[in-house]
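4 protein chains.
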Amino acid sequence: MKALVYDGPREVVVKDVPDAKIEHPTDALVKITTTNICGSDLHMYEGRTDLDPGMVLGHENLGIVAEVGSAVVKLSPGDRVCVPFNIGCGFCRNCEEGLTAFCLTAHPDPKMAGAAYGFAGMGPFWGGQAEYLRVPFGDFNLLRLPEDAQEKEADYVMLSDIFPTGWHCTRLADMQPGDSVVVYGAGPVGLMAAYSAMIQGASKVMIVDRHPDRLRLAEQIGVIPIDDSKGDPVEQILEQTRGRRADKGCECVGYQAHDPQGHENSAMTMNRLVDSVRFTGHIGVVGIFLPQDPNAPDKLEQKGRIAFDMGKFWFKGQKVGTGQANVKHYNRQLRDLIHEGRAKPSWIVSHELPLDEAPSGYQHFDARDDGWTKVVLHP
Amino acid sequence: MKALVYDGPREVVVKDVPDAKIEHPTDALVKITTTNICGSDLHMYEGRTDLDPGMVLGHENLGIVAEVGSAVVKLSPGDRVCVPFNIGCGFCRNCEEGLTAFCLTAHPDPKMAGAAYGFAGMGPFWGGQAEYLRVPFGDFNLLRLPEDAQEKEADYVMLSDIFPTGWHCTRLADMQPGDSVVVYGAGPVGLMAAYSAMIQGASKVMIVDRHPDRLRLAEQIGVIPIDDSKGDPVEQILEQTRGRRADKGCECVGYQAHDPQGHENSAMTMNRLVDSVRFTGHIGVVGIFLPQDPNAPDKLEQKGRIAFDMGKFWFKGQKVGTGQANVKHYNRQLRDLIHEGRAKPSWIVSHELPLDEAPSGYQHFDARDDGWTKVVLHP
Amino acid sequence: MKALVYDGPREVVVKDVPDAKIEHPTDALVKITTTNICGSDLHMYEGRTDLDPGMVLGHENLGIVAEVGSAVVKLSPGDRVCVPFNIGCGFCRNCEEGLTAFCLTAHPDPKMAGAAYGFAGMGPFWGGQAEYLRVPFGDFNLLRLPEDAQEKEADYVMLSDIFPTGWHCTRLADMQPGDSVVVYGAGPVGLMAAYSAMIQGASKVMIVDRHPDRLRLAEQIGVIPIDDSKGDPVEQILEQTRGRRADKGCECVGYQAHDPQGHENSAMTMNRLVDSVRFTGHIGVVGIFLPQDPNAPDKLEQKGRIAFDMGKFWFKGQKVGTGQANVKHYNRQLRDLIHEGRAKPSWIVSHELPLDEAPSGYQHFDARDDGWTKVVLHP
Amino acid sequence: MKALVYDGPREVVVKDVPDAKIEHPTDALVKITTTNICGSDLHMYEGRTDLDPGMVLGHENLGIVAEVGSAVVKLSPGDRVCVPFNIGCGFCRNCEEGLTAFCLTAHPDPKMAGAAYGFAGMGPFWGGQAEYLRVPFGDFNLLRLPEDAQEKEADYVMLSDIFPTGWHCTRLADMQPGDSVVVYGAGPVGLMAAYSAMIQGASKVMIVDRHPDRLRLAEQIGVIPIDDSKGDPVEQILEQTRGRRADKGCECVGYQAHDPQGHENSAMTMNRLVDSVRFTGHIGVVGIFLPQDPNAPDKLEQKGRIAFDMGKFWFKGQKVGTGQANVKHYNRQLRDLIHEGRAKPSWIVSHELPLDEAPSGYQHFDARDDGWTKVVLHP
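Chains G, R, P and H, in that order, are what the protein sequence lines are. For the first sequence, position 366 matches number 366 in our numbering, and the numbering has no gaps at all. For the second sequence, position 314 matches number 314 in our numbering, and the numbering has no gaps at all. For the third sequence, position 188 matches number 188 in our numbering, and the numbering has no gaps at all. For the fourth sequence, position 358 matches number 358 in our numbering, and the numbering has no gaps at all.
Treat the hints loosely; a few may be bogus.
Identical copies carry no separate label here, and so any pair may be met within one copy or between two of them.
What the hints assert, rightly or not - In silico lysine to aspartate or glutamate, EDC-like type, Cα no more than 16 Å apart, as pairs:
1) Lys344 to Asp148
2) Lys230 to Asp259
3) Lys344 to Asp213
4) Lys15 to Glu357
5) Lys111 to Glu239
6) Lys152 to Asp50
7) Lys152 to Glu239
8) Lys111 to Glu235
9) Lys111 to Asp275
10) Lys303 to Asp50
11) Lys15 to Glu340
12) Lys152 to Glu352
13) Lys312 to Asp79
14) Lys303 to Asp275
15) Lys299 to Glu264
16) Lys2 to Asp19
17) Lys21 to Asp50
18) Lys21 to Asp275
Keep in mind that the hints were calculated from the coordinates and are not lab data.
Generate the whole structure from the sequences, applying the supplied hints.
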């Protein structure tokens, strides 16, 4: 089958690879019809992670069940399904508690928790930027889509990762209706966090970024754009909140945060969030931080550490919740919101490309070229 | 009246000061019968904070209502009461949500949240290591005690701070029945955190310290002592949990953490907790961290920062909750547990002294002299 | 001052009564500018309750602080405020837990929990369908309004009761984003429950009633009207939910439920809700039920009992939450939603009348005359 | 294999039946070593339900994995396991939310939610009062036991039903540490509810019954016995709580409640609980109520209805949660409590019998013969 393969830093290529197939009685095989490029694909694309060449990328996948293993009872060939980026078993302690991003079974290394498709450090599972995808524990992992699956395919595919991930960030921040919320980072995940806050009844949502195309997308859904290249974002948040600061904060940037002058500073958004959020406020963090980052410019960062404002954080009585989204914990409800016409996450899609043009999509998205906010591929 | 006054680093003196009195219609005046020396009094005693000489110390207070202001309706002279260390108004947004440690009214500086008696940075309110204490918003702040108030005075006085603070730590860590819990720090607050975990049905509670007297007290309530002077505590926790690490963790040490060799390292316990707690586990932090600490040995610490293992923390999907305890959120239930004979926090008391001997109590407690685990004063 | 006084069944009259005034240091006196007629005023108006003649009615009040007692610190004359219908003290166990509808201090009868203005069985407190209102525990009870208070007065007055009451119903039902919700009763409270569900991100909200004017108002905010005079509402809900029934249900009718033929049947809506909601679903009940109802047509009902489908309820593993709304638990956040333009509850107002015309307003509203959905009075 | 088979009202017989075997790739086959007689077996034994003769009874099962299907990955022959009484699939909406008592897959009737072994109305699955038991979805359903499995077999078997069911009742009642709790019914489930409340830190637990042997067992764990044959239990609860009533209540009796004179009254415990619990208190109901009960003496009860004190319940702002326990939601934590020596639920076992003597065990337990509190069978 054809698939997009990682060949080394900033080298991805579409080529023939062995067909994905059923390997265990609980597997399902999905013919991929839509698969996105994710911001976390860029960490791998840029060579910052330790991904070995040869991996098929792609963890935002949607398609049609092609074949099922002998133990599968819920699914039939022909079902349209969305694939959560995390692979869960459904019966370990974490999966049972809804913490499917930290499955204790799927990853071959027993010291690890969590597995994903086409993802550095998350197991050997090939991704879905390909014609077919093998899905372990099919009954547990696959989300069936209703009769408007094709018509709203660009919306439903967002259920694989970024819509639940943005939503997760608001839950980690314990956002409540009526709250004011500030989101740092207006990439696809940050935009989804802001959108999730709006859907859940935030009174005011602010988003901090400096790319005009992203800030414009935020404005389209009623979110207040804060351009941090035009002044201290904390000061701007103070103005927006009559000096009260935001009730809750969302970190959607991660370890590769840059200041407006282009210098990497992995502690910047966390410390700004502590400053932007009120006493007793909560902060959700879905931007990725790495346990080790040997290529980082800073010595602390190489060990996965940041110079964190612990004193201010403690004194303010704040809370922080972190980690990859447990997609399955949210995707049914978000599917229903899309189906009933109450959510339309596809508003951020800027480009739909055939799989063959994926390498060009990676290049533009990685360069943050103006207007390349979200790239969707159709194998 | 007689009171214990801070005169400068390691200088406290018992002397005559102007009488505490009713200043506002909602005030109550309490004749103090028992008042403790707290571990956080030592931060002030040692001169590490910016407390001005002349302050009356003491925020762990219990006594008898002597007089009430004209607006007070719940209390009458003669009522035996315990005084939460935080001063709340009862009607600001934070107090209404139970976040009385972050009252927006009581502290005279409108940018601050939270006030306390005899406490650096928490307002001008005199403490209760004295004959009398003025309690603002008396109806809201004072907890009435039942008919066994005198008999169990050494238990009920713990409701003013350390029992709720230890309990708060387990709630910040979202401890659930059946969980395994590790507590760093076996001072009075850490012992109360361990005790709180036991009362709430933890399956296994471990506590890390190196003072034999403290570890012995922990053992008395069924807690497993871990001596970090005898080996890496994380390794010992792995052994105790069959390699699973603890479900939840409690930080009861704070910014003045020392390694067994005596070097201060403010990041040590936080990073060890990230390591000691499993994927998706929660960590509660009631050990104090300061927004600025100009006298700290380390440059980061002077700015209130620590070199935090953010990458590992995020990768494990952990959560951290922090801050002073909202005493009123817990003190009724804990009072009822004491009254019904289900809790007896006074087991940690090592010394009961008259107020006049308080300076000697400070000296021994500050020196961590063997056996000086908790000092109770009787004015 | 002028006030609307209950004179007996279906007899209300506007007349001069003694001026409301400060009686305790914590009181505030409010000059009323807007006050609504509530559906629960009709229970009293109809003489179904044991209200004594002479009571000033009105528990949905908004106005300007005219005077404050000596202990009041938060409020100043001239502040525009909204008055929650429940009177809380702020320091009893229930108020501290946010259960201000069940205050243990305000009601003179120590066996009762909860007090309100101008309300049968809720204490001797006069209502606000008058020129002035005495508000006990002013600092605790009054909600300050922002600079758009006058401009949005018809929205902010809804914070006194029906908007928080409708919202409370969704919280009692534990409504989650993405849920389908059915509301029984499209009176003002039912409409607010439906509106609250929409704001919090329900995927689909259905409302059951038979009055065309009410169902039209529901449609205006995207809610699906279900006319129970045109067929079994449970069947209609099954159709709307592909046979799955609603995830959550709201009871906004109460003990005086009638079937479409006009017969009173106090068990009807509860049993229909059990049938309308899925296995494990939750039901919130803010429609009023009375502990005794001597004038009820049915013998069970006279004792405050209903013939409840306990077997089906238990078998389905459902939950029910009940009771008057703890207004203060919601009114800050709802105020912020109004202020930021994210909620506009005044869309249900049908009539604004001067106080003198209140008796006519009662008559039309009680008759459920077409188009009389919500009456607002201006003293 | 040998099994206990229901032959008709009060007729159970141990006889040879076809061997249980693997029927689906996800099945596991368990050799039963311990299996209990449950109070709900008695509803079937007495012929009150519509169970067809020929069913193998027994839903409280523990044993050793004998064989696994081809899709099973977690389990191996020889593993010692406890079997939850509910059969869940692990991937339907309810199982994913932890509501395994309401699985949407396992029961063959698509309108039903929930399946169980050897249980009227819960599907065709044979019970475990037999030599072998087929367990569908083995990886999901079976709980592995640690190295002390044999030594503590009488404790671990309680994880199959009554310990989690009692615990569930306290969770449905939202019991919090420090609460006072009243449990109606001191059968095995009621005793486990009381025990669960003690473990979770209740300040005072009261239990209402009239059988001296049961009340004695309650006293052994520090629970206050209330004998309702010696006076109104509500009055006794008022005395125990200084007139405050209990904070939370547990219903562990169900539809076959009898008054001390022996008359069945299915509404009695629910209405007494409403009366016994304070304003805003919660009530958990795990006693079984049936949607229809054609053989009931009362006309309302035949339709599954009770004459419920809705008015008082609403006026007090109480909440009720109901339904069978989601065993898997609790059994890991309770297993860990047993393993660490913090819980020992076997204290209620009165008789251990070989399977052949099961009919005699049914007879004595059904007769509530003195001292027959819990019967454990060993096939």
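Structure-based check of each hint:
1. Lys344 to Asp148: within (13 Å within a copy, 32 Å between copies)
2. Lys230 to Asp259: Classified as within; 12 Å inside a copy, 44 Å across copies.
3. Lys344 to Asp213: neither (19 Å within a copy, 31 Å between copies)
4. Lys15 to Glu357: Result: close within a single copy only, 12 Å intra versus 70 Å inter.
5. Lys111 to Glu239: between (47 Å within a copy, 15 Å between copies)
6. Lys152 to Asp50: neither (36 Å within a copy, 47 Å between copies)
7. Lys152 to Glu239: neither (39 Å within a copy, 23 Å between copies)
8. Lys111 to Glu235: Answer is between: at 15 Å across copies they meet the 16 Å cutoff, but 43 Å inside does not.
9. Lys111 to Asp275: between (35 Å within a copy, 13 Å between copies)
10. Lys303 to Asp50: Classified as within; 15 Å inside a copy, 34 Å across copies.
11. Lys15 to Glu340: neither (39 Å within a copy, 52 Å between copies)
12. Lys152 to Glu352: For Lys152 and Glu352, the Cα distance is within 16 Å only inside one copy (14 Å; across copies 45 Å).
13. Lys312 to Asp79: Answer is neither: 51 Å inside a copy and 34 Å across each miss the 16 Å cutoff.
14. Lys303 to Asp275: Cα proximity of Lys303 and Asp275: across copies only (14 Å, versus 25 Å in one copy).
15. Lys299 to Glu264: within (12 Å within a copy, 21 Å between copies)
16. Lys2 to Asp19: within (8 Å within a copy, 50 Å between copies)
17. Lys21 to Asp50: neither (26 Å within a copy, 47 Å between copies)
18. Lys21 to Asp275: neither (50 Å within a copy, 38 Å between copies)
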